[in-house]
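Asker: In case you want the letters, here they are:
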Amino acid sequence: MEKSVCEEDVYNTIYREQFEKVRNFVYYKCGDLDEAEDIAQESFIRLWRNCAEVLFNKVAGFVFTVANRLFLDQTRSKKVALKFEKAQLPQQDRQDPYFELRTDEFRTQIEEAIADLPEGQREVFLLNRIDKYTYKEIAEMLGVSQTAVEKRMTKALIKLRDRIQEFKEHKI
Amino acid sequence: MSDKYEHNERLAKWLNNDLDQEDTDALRDDRSLDELRFVINDIDSWSLPKPDVEKKLQQLKESVGQKETKVIQFTPKIWLRYAAAIALIVTGYFAGKDLLMNPNIIVETALGEQLSHELPDGSIVTLGPSSRLEYKRKNWMENRTSSLVGEGFFDVQSGPGFSVTTSKGTISVLGTEFDIEIEGERLEVNCYEGRVLVDMASQDEILQAQQGLILQGSSVDRSQFTAMAPHWIGEKSSFEDTYLSAVVFELKKYYKLDLQLPKKYQTTSFTGSFVHDNLEEALKSIFTPLEISYTLKEGGKVEFE
Chain B
1 MEKSVCEEDV
11 YNTIYREQFE
21 KVRNFVYYKC
31 GDLDEAEDIA
41 QESFIRLWRN
51 CAEVLFNKVA
61 GFVFTVANRL
71 FLDQTRSKKV
81 ALKFEKAQLP
91 QQDRQDPYFE
101 LRTDEFRTQI
111 EEAIADLPEG
121 QREVFLLNRI
131 DKYTYKEIAE
141 MLGVSQTAVE
151 KRMTKALIKL
161 RDRIQEFKEH
171 KI
Chain H
173 MSDKYEHNER
183 LAKWLNNDLD
193 QEDTDALRDD
203 RSLDELRFVI
213 NDIDSWSLPK
223 PDVEKKLQQL
233 KESVGQKETK
243 VIQFTPKIWL
253 RYAAAIALIV
263 TGYFAGKDLL
273 MNPNIIVETA
283 LGEQLSHELP
293 DGSIVTLGPS
303 SRLEYKRKNW
313 MENRTSSLVG
323 EGFFDVQSGP
333 GFSVTTSKGT
343 ISVLGTEFDI
353 EIEGERLEVN
363 CYEGRVLVDM
373 ASQDEILQAQ
383 QGLILQGSSV
393 DRSQFTAMAP
403 HWIGEKSSFE
413 DTYLSAVVFE
423 LKKYYKLDLQ
433 LPKKYQTTSF
443 TGSFVHDNLE
453 EALKSIFTPL
463 EISYTLKEGG
473 KVEFE
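Taken in order, these protein sequences are the chains called B and H. Anchor point for the first sequence: position 118 equals 118 in the working numbering, and the numbering is continuous, going up by one each time. The number in the working numbering is simply the position in the second sequence, starting from 1, with 172 added.
Calculated from the structure, these hints are not laboratory results. Note that CB positions come from ideal geometry on N, CA and C, so glycine has one too. Careful, some of the hints might be misleading.
[Said to hold, decoys possible] Think about it this way: if two alpha-carbon atoms lie no more than 30 angstroms apart in a straight line, the pair counts; the simulated DSSO-like pairs of lysine-lysine are:
| id | chain 1 | residue 1 | chain 2 | residue 2 |
| --- | --- | --- | --- | --- |
| 1 | H | Lys424 | B | Lys132 |
| 2 | H | Lys473 | H | Lys424 |
| 3 | H | Lys176 | B | Lys151 |
| 4 | H | Lys473 | B | Lys21 |
| 5 | H | Lys222 | B | Lys86 |
| 6 | H | Lys227 | B | Lys132 |
| 7 | B | Lys168 | H | Lys176 |
| 8 | H | Lys185 | B | Lys159 |
| 9 | H | Lys436 | B | Lys136 |
| 10 | B | Lys151 | H | Lys227 |
| 11 | B | Lys83 | H | Lys227 |
| 12 | B | Lys58 | H | Lys227 |
| 13 | B | Lys86 | H | Lys424 |
| 14 | H | Lys436 | H | Lys473 |
| 15 | B | Lys132 | H | Lys228 |
| 16 | B | Lys79 | H | Lys228 |
| 17 | H | Lys176 | B | Lys132 |
| 18 | H | Lys222 | B | Lys159 |
| 19 | B | Lys168 | B | Lys83 |
| 20 | B | Lys79 | H | Lys222 |
[Unchecked claim] Calculated from the model, a selection of chain H residues having no Cβ within reach of chain B, i.e. all distances over 12 angstroms:
| id | residue |
| --- | --- |
| 21 | His179 |
| 22 | Arg203 |
| 23 | Ser410 |
| 24 | Thr439 |
| 25 | Thr440 |
| 26 | Leu455 |
Modelling step: build the complete structure from the supplied sequences, incorporating the hints.
Answerer: Laid out in structure tokens, this is it:
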């Protein structure tokens, strides 16, 4: 017997597991945490209202789709700025082969490079790296093929690689 | 040049250690990939601030009006402590029929009248002229829903779900929503503080502070503004770069007038204000700066040359 989303315990569990992920997903698109929380919340309200129609194993697809639609309904500025919390850098050590990549300046550049990625590549990259979703899961969430996800991921990685090389060349 | 990476989505697979032999060979000895791996490892440790999931879940429960749990019963106090007022203005111009049954509280204003009214939870609504607000006093704290015809400025106390129903849609402090389908002509919503959700037949919009929208027919235009309160609050109405036709529309709410604005002036832009208690002054302050000649005759008849 399939679990019903309308049961409060089931719904609460889904909420606790998924809220942050949906919030992050919207944040990668819009770069505004407050707005991302509002949209995530609204998506879960829709889930509650439609709990009888949404199958338990289709819940993620439902909330992500609703969140994406709510996001699209908003008018917004084109430029997205993303900020992440990062661990402190270790002490500088010139023996370190990645010495020049272990600087705040470089990290900021990478953060900008990610924010500058086209939306499709940015969300795939961050869902995979920050939220640890597999390509297959992302494909299901976004309603595209796994190959499409891998293509976007590859493009994002090429851009990052190029940015690293650029950074190194300017430093030398 | 990037082809060796893009072929077969190699880089995506490389990241997953999921390459077959041919692809492994193609990427062998590429030192730039070591650096990329290093950077990715760093990115993997990045994070975002954790949302307060339990609090958000409680808010959600309150806003969907679910049966209360023990925890939720304690929250009104907490809510008050974090009280941040949310203000919005709704303008619906249309000939509306009474939608609700009595026994309800009805607050009405006449032509040229303005009225502030305190709702049971301390929220304050200021009604513009020729407007009407209706709500149920009973269970107000559980169900803060009212319906508006005309113009109103809402200064809302924090708490679960607050919404205003108009003929063109429902406006709520975020966290609530309603479905509504009523006919009418125009809906204007401006948010001065906080966030509100406007749920219209065709679409939903979320407004943040200093954002507004106008729904006319099926088209929705969004706007930005800097005012702290609507133009009609107080003893005069102020306008910034507004069509003269809209200014005259507003003027007619305060004075009994027989005034037909000639077509050529309809889209003239007006910046300024008019007072609510002196017709001659009001007309002068609108038309003189625009160099439009007019004569005011008996019975509020205004003629243009």
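Asker: With a cut-off of 30 angstroms on the C-alpha distance, tell me whether lysine 227 of chain H and lysine 132 of chain B pass.
Answerer: holds (25 angstroms)
Asker: Lysine 86 of chain B and lysine 424 of chain H: Cα distance at most 30 angstroms?
Answerer: Answer violated: lysine 86 of chain B to lysine 424 of chain H is near 59 angstroms, above 30 angstroms.
Asker: Under the criterion that the straight-line Cα-Cα distance not exceed 30 angstroms, is the pair lysine 176 of chain H, lysine 151 of chain B satisfied?
Answerer: It holds: about 13 angstroms lies between the C-alpha atoms, which stays within 30 angstroms.
Asker: Hint check: lysine 176 of chain H vs lysine 132 of chain B, CA-CA at most 30 angstroms. Holds or violated?
Answerer: Within the cut-off at roughly 26 angstroms; holds.
Asker: Decide, holds or violated, for the assertion that all CB atoms of chain B are farther than 12 angstroms from the CB of serine 410 of chain H.
Answerer: holds (26 angstroms)
Asker: So histidine 179 of chain H supposedly isn't at the interface. Is its beta-carbon more than 12 angstroms from every beta-carbon in chain B?
Answerer: violated (9 angstroms)
Asker: Are the Cα positions of lysine 168 of chain B and lysine 176 of chain H separated by 30 angstroms at most?
Answerer: holds (22 angstroms)
Asker: The output says leucine 455 of chain H does not contact chain B. Does that hold with a beta carbon cutoff of 12 angstroms?
Answerer: Per Cβ check, leucine 455 of chain H is outside 12 angstroms of chain B; nearest 38 angstroms; holds.
Asker: Regarding the pair lysine 424 of chain H and lysine 132 of chain B, is the alpha-carbon distance no greater than 30 angstroms?
Answerer: violated (61 angstroms)
Asker: Between the alpha carbons of lysine 79 of chain B and lysine 228 of chain H, is the straight-line distance 30 angstroms or under?
Answerer: Judged against 30 angstroms, a Cα distance of about 28 angstroms means the pair holds.
Asker: Does the structure keep lysine 473 of chain H and lysine 21 of chain B at a Cα separation of 30 angstroms or less?
Answerer: violated (63 angstroms)
Asker: Please work out if lysine 132 of chain B and lysine 228 of chain H have their alpha carbons no farther apart than 30 angstroms.
Answerer: holds (23 angstroms)
Of the numbered hints given earlier, the model fails hints 1, 4, 9, 10, 13, 21 and 22; all others are met.
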